[in-house]
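Q: Residue numbers (full-length UniProt numbering), protein chains in the order written: chain A, 1 to 342; chain B, 1 to 342.
It is possible that part of the hints are untrue.
Computed footprint of chain B on chain A, listed as stretches where at least three residues anywhere in the stretch have a Cβ under 8 Å from a Cβ of chain B [stated by the list, open to error]:
(1) 263-270
(2) 290-299
If you anchor each label on the Cβ, the simulated ranges turn out as follows [what the hints assert, rightly or not]:
(3) B:Pro279 - A:Ala186: 38 to 44 Å
(4) A:Asp253 - B:Glu228: 42 to 48 Å
(5) B:Thr258 - A:Ser77: 45 to 51 Å
(6) B:Arg91 - A:Leu328: 21 to 27 Å
(7) A:Glu228 - B:Asn241: 54 to 60 Å
(8) A:Asp95 - B:Glu300: 23 to 29 Å
(9) A:Thr50 - B:Gly302: 34 to 40 Å
(10) B:Thr258 - A:Glu228: 16 to 22 Å
(11) A:Asn96 - B:Leu328: 39 to 45 Å
(12) A:Glu300 - B:Leu328: 35 to 41 Å
(13) A:Lys294 - B:Gln249: 41 to 47 Å
Partial selection, computed: residues in chain A whose CB lies under 10 Å from chain B [what the hints assert, rightly or not]:
(14) Asn152
(15) Cys230
(16) Gln239
Hints were generated in silico from the structure; no laboratory data involved. Treat the numbers as computed from the prediction; the structure is a model and nothing was measured. Ideal placement from N, C-alpha and C gives every residue a C-beta, glycine not left out.
Protein chains: 2
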Amino acid sequence: MPQTIQQKFVHQVIGHSATNNRLASKNKIGSGSAPVNIALSKYWGKRDATLNLPTNGSLSISLPGLGTKTQIERLESQNQQTDLVSLNGQRLDQDNAFAKRVSQFLNYFRETPQTFFKVDTENSVPTAAGLASSASGYAALVLALNDLFAWNLDNKSLSLLARLGSGSASRSLFNGFALWHQGQQADGLDSYAEAIDTTWPEFCVGLLEIDVKQKPVSSTQGMQNTVETCALYQAWPQQANQDMQTILQAIKDHDFATLGKTAEHNALTMHATMIATWPPIVYWQPESVEAMHKIWRLREQGVAVYFTMDAGPNLKLLFLETEKPAILQAFKQIKILEPFKS
Amino acid sequence: MPQTIQQKFVHQVIGHSATNNRLASKNKIGSGSAPVNIALSKYWGKRDATLNLPTNGSLSISLPGLGTKTQIERLESQNQQTDLVSLNGQRLDQDNAFAKRVSQFLNYFRETPQTFFKVDTENSVPTAAGLASSASGYAALVLALNDLFAWNLDNKSLSLLARLGSGSASRSLFNGFALWHQGQQADGLDSYAEAIDTTWPEFCVGLLEIDVKQKPVSSTQGMQNTVETCALYQAWPQQANQDMQTILQAIKDHDFATLGKTAEHNALTMHATMIATWPPIVYWQPESVEAMHKIWRLREQGVAVYFTMDAGPNLKLLFLETEKPAILQAFKQIKILEPFKS
Numbered sequence: 001m002p003q004t005i006q007q008k009f010v011h012q013v014i015g016h017s018a019t020n021n022r023l024a025s026k027n028k029i030g031s032g033s034a035p036v037n038i039a040l041s042k043y044w045g046k047r048d049a050t051l052n053l054p055t056n057g058s059l060s061i062s063l064p065g066l067g068t069k070t071q072i073e074r075l076e077s078q079n080q081q082t083d084l085v086s087l088n089g090q091r092l093d094q095d096n097a098f099a100k101r102v103s104q105f106l107n108y109f110r111e112t113p114q115t116f117f118k119v120d121t122e123n124s125v126p127t128a129a130g131l132a133s134s135a136s137g138y139a140a141l142v143l144a145l146n147d148l149f150a151w152n153l154d155n156k157s158l159s160l161l162a163r164l165g166s167g168s169a170s171r172s173l174f175n176g177f178a179l180w181h182q183g184q185q186a187d188g189l190d191s192y193a194e195a196i197d198t199t200w201p202e203f204c205v206g207l208l209e210i211d212v213k214q215k216p217v218s219s220t221q222g223m224q225n226t227v228e229t230c231a232l233y234q235a236w237p238q239q240a241n242q243d244m245q246t247i248l249q250a251i252k253d254h255d256f257a258t259l260g261k262t263a264e265h266n267a268l269t270m271h272a273t274m275i276a277t278w279p280p281i282v283y284w285q286p287e288s289v290e291a292m293h294k295i296w297r298l299r300e301q302g303v304a305v306y307f308t309m310d311a312g313p314n315l316k317l318l319f320l321e322t323e324k325p326a327i328l329q330a331f332k333q334i335k336i337l338e339p340f341k342s
Numbered sequence: 001m002p003q004t005i006q007q008k009f010v011h012q013v014i015g016h017s018a019t020n021n022r023l024a025s026k027n028k029i030g031s032g033s034a035p036v037n038i039a040l041s042k043y044w045g046k047r048d049a050t051l052n053l054p055t056n057g058s059l060s061i062s063l064p065g066l067g068t069k070t071q072i073e074r075l076e077s078q079n080q081q082t083d084l085v086s087l088n089g090q091r092l093d094q095d096n097a098f099a100k101r102v103s104q105f106l107n108y109f110r111e112t113p114q115t116f117f118k119v120d121t122e123n124s125v126p127t128a129a130g131l132a133s134s135a136s137g138y139a140a141l142v143l144a145l146n147d148l149f150a151w152n153l154d155n156k157s158l159s160l161l162a163r164l165g166s167g168s169a170s171r172s173l174f175n176g177f178a179l180w181h182q183g184q185q186a187d188g189l190d191s192y193a194e195a196i197d198t199t200w201p202e203f204c205v206g207l208l209e210i211d212v213k214q215k216p217v218s219s220t221q222g223m224q225n226t227v228e229t230c231a232l233y234q235a236w237p238q239q240a241n242q243d244m245q246t247i248l249q250a251i252k253d254h255d256f257a258t259l260g261k262t263a264e265h266n267a268l269t270m271h272a273t274m275i276a277t278w279p280p281i282v283y284w285q286p287e288s289v290e291a292m293h294k295i296w297r298l299r300e301q302g303v304a305v306y307f308t309m310d311a312g313p314n315l316k317l318l319f320l321e322t323e324k325p326a327i328l329q330a331f332k333q334i335k336i337l338e339p340f341k342s
């Protein structure tokens, strides 16, 4: 019987037949892999922290070749009374923050309180690239669970489950652009992501790595503090939803200027809500601001380049293939990805 | 007869007797001097651009020894058909932006369209200190006009007139703390500043000069763009007025922590509205962000220091005398002022 709110949610998503399948699982090992994603219009603020329900919808682009591969198996020994979690080949202590969060998530899926798992996670995301691995991580873990338990869930259900691990993970089940519906229901069953059916071969994302000198505030803590102490935040959900619609239309129209401008404004507005939080949340480092001014100077010179930033100091540049030479000349260390050319 | 809205406003402020005095002026040369001021809760946004009426009240501290001295005289020659404006001993061209703005302001005060003035302005504000000289400049000019025309106006009337030249000039007629009332009337006659009758000998302001690498957006243009394109701005006026009241009470209680925290949060919130404007207004330079992080690290170490920032890259540190050694050690180049020890 489901006991916690999250267990009840999982029960609703995977349904009865799937529940029965859990006991009849044929696969000894389940595996899954998922890409990281960069939000073009951001997720910032929860209306329900237990179910990871957002105050606004969001829209992302997945990055090919960067992500997470995960394998999961049931531990059979009765002597093993904890999960065994490895990250990039290294077994983690039970009190490691990453391992604890994975185990908490697995609590929603155990057949009995005595069922434990072995989880092996490999991130192909360079640690310093400033890309959140929790999105690809929980998407890959849900795919691995789906494989292990032979649920055969559809994308909507997979996205709902991934959301429970990390909000932005709901968007990491897809390649290309994805849109996470805010949803309205209290049960959270209408808050999931879908792929946007478009390709845009010229679309490029440039990863600009900034030295991290300061220990950051976690996204979860940061968005909670923002919602509670930032007076400006009250206007955010409406702008974020508008920006999402504007970007969705720009994607359909292949209107890059509108996409870039709206994504940059959206990211800066999210950071503005953090900056106006108390205590202030300033993820920007000196090098972040230097890069922003550089991008604005390039734009004044006619280079169609925009940027977005997440809860960290790094910039992600947005541009079309034609601007690649100018970008490479201006930013020697940039890593350029082409999401539709993988 | 007054013709423009501003001329009508001036007419209302100086009154009939003063108007008559204008013709009966005994002083051949009028002179005035006024300090610069740093807002602890900011002025950002106009509800009326013609009369410089703000969307919110603000509160400032004047800096002793930094400001403007101005002399004004009527030009008698009929051949002289323009004002003659000098800044720091240098005669300015007629199409110089500073000279044009002064002449436009003087238009509100000419007895006839053929009356022209010679204005000599000396700023003791180091150009690179990031202190706006328009506040002290228009306060000093109004004092000089009051002297020339022998109006004998009270502080309220002087503040109303200075406001017409530059909003923040309304606060530069006073030493120590001053509060600019937002006012409610359409005629602008209730939007003026008053001195807050307190001394706080231990109160220090540290000026931290940041290299300006980028040509900034003017405050007037910046606040206009913010009001028009920043969705977050809608929450600003209410927060700004609350902050002003909180700081006013903290001044009365000599509660430095509340003052510092509220002033820093207020400044960051103002900058947040700029950052969320389109095109973005980011006055911050890499060195600004470096200094912020340094201040936050100092605070974590127990040093009670806060900062405020205006429409530029420079930081103004707020602290009490006891923290002076720690501040001087952390910021070698800082210039410390003690507003109540001049």
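Q: Do the numbers back the hint for Asn152 of chain A, that is, is its least Cβ distance to chain B under 10 Å?
A: 43 Å, violated
Q: Test coverage of the region 290-299 of chain A by chain B using CB-CB distances below 8 Å; three residues minimum.
A: holds (count 4)
Q: Falls inside 41 to 47 Å, the C-beta gap from Lys294 of chain A to Gln249 of chain B?
A: With a Cβ separation near 43 Å, Lys294 of chain A and Gln249 of chain B satisfy 41 to 47 Å, so the hint holds.
Q: Let me know if the C-beta of Cys230 of chain A comes in closer than 10 Å to any C-beta of chain B, holds or violated.
A: Cys230 of chain A check passes; min Cβ-Cβ to chain B is 8 Å, inside 10 Å.
Q: Between Asp95 of chain A and Glu300 of chain B, does the C-beta distance stay in 23 to 29 Å?
A: 25 Å, holds
Q: Determine whether the Cβ-Cβ distance between Glu300 of chain A and Leu328 of chain B falls within the hinted range of 35 to 41 Å.
A: 40 Å, holds
Q: CB of Asp253 of chain A to CB of Glu228 of chain B, is that within 42 to 48 Å?
A: Given range 42 to 48 Å: violated, Cβ gap about 25 Å.
Q: Taking 34 to 40 Å as the hint, is the beta-carbon distance of Thr50 of chain A and Gly302 of chain B inside that range?
A: Between Thr50 of chain A and Gly302 of chain B, where Cβ atoms are some 37 Å apart, the hint holds.
Q: Would the hint on Gln239 of chain A be counted as holding, given a Cβ-Cβ threshold of 10 Å to chain B?
A: Given a least distance of 4 Å, the restraint on Gln239 of chain A holds.
Q: If I claimed the Cβ atoms of Thr258 of chain B and Ser77 of chain A lie 45 to 51 Å apart, would that claim hold in this structure?
A: 59 Å, violated
Q: Quick check: does the Cβ-Cβ distance between Arg91 of chain B and Leu328 of chain A fall within 21 to 27 Å?
A: 50 Å, violated
Q: Do at least three Cβ atoms from the region 263-270 of chain A come closer than 8 Å to Cβ atoms of chain B?
A: n = 4 at 8 Å, threshold three: holds.
Of the hints listed earlier, those the structure fails to meet are numbers 4, 5, 6, 7, 14, in rising order.
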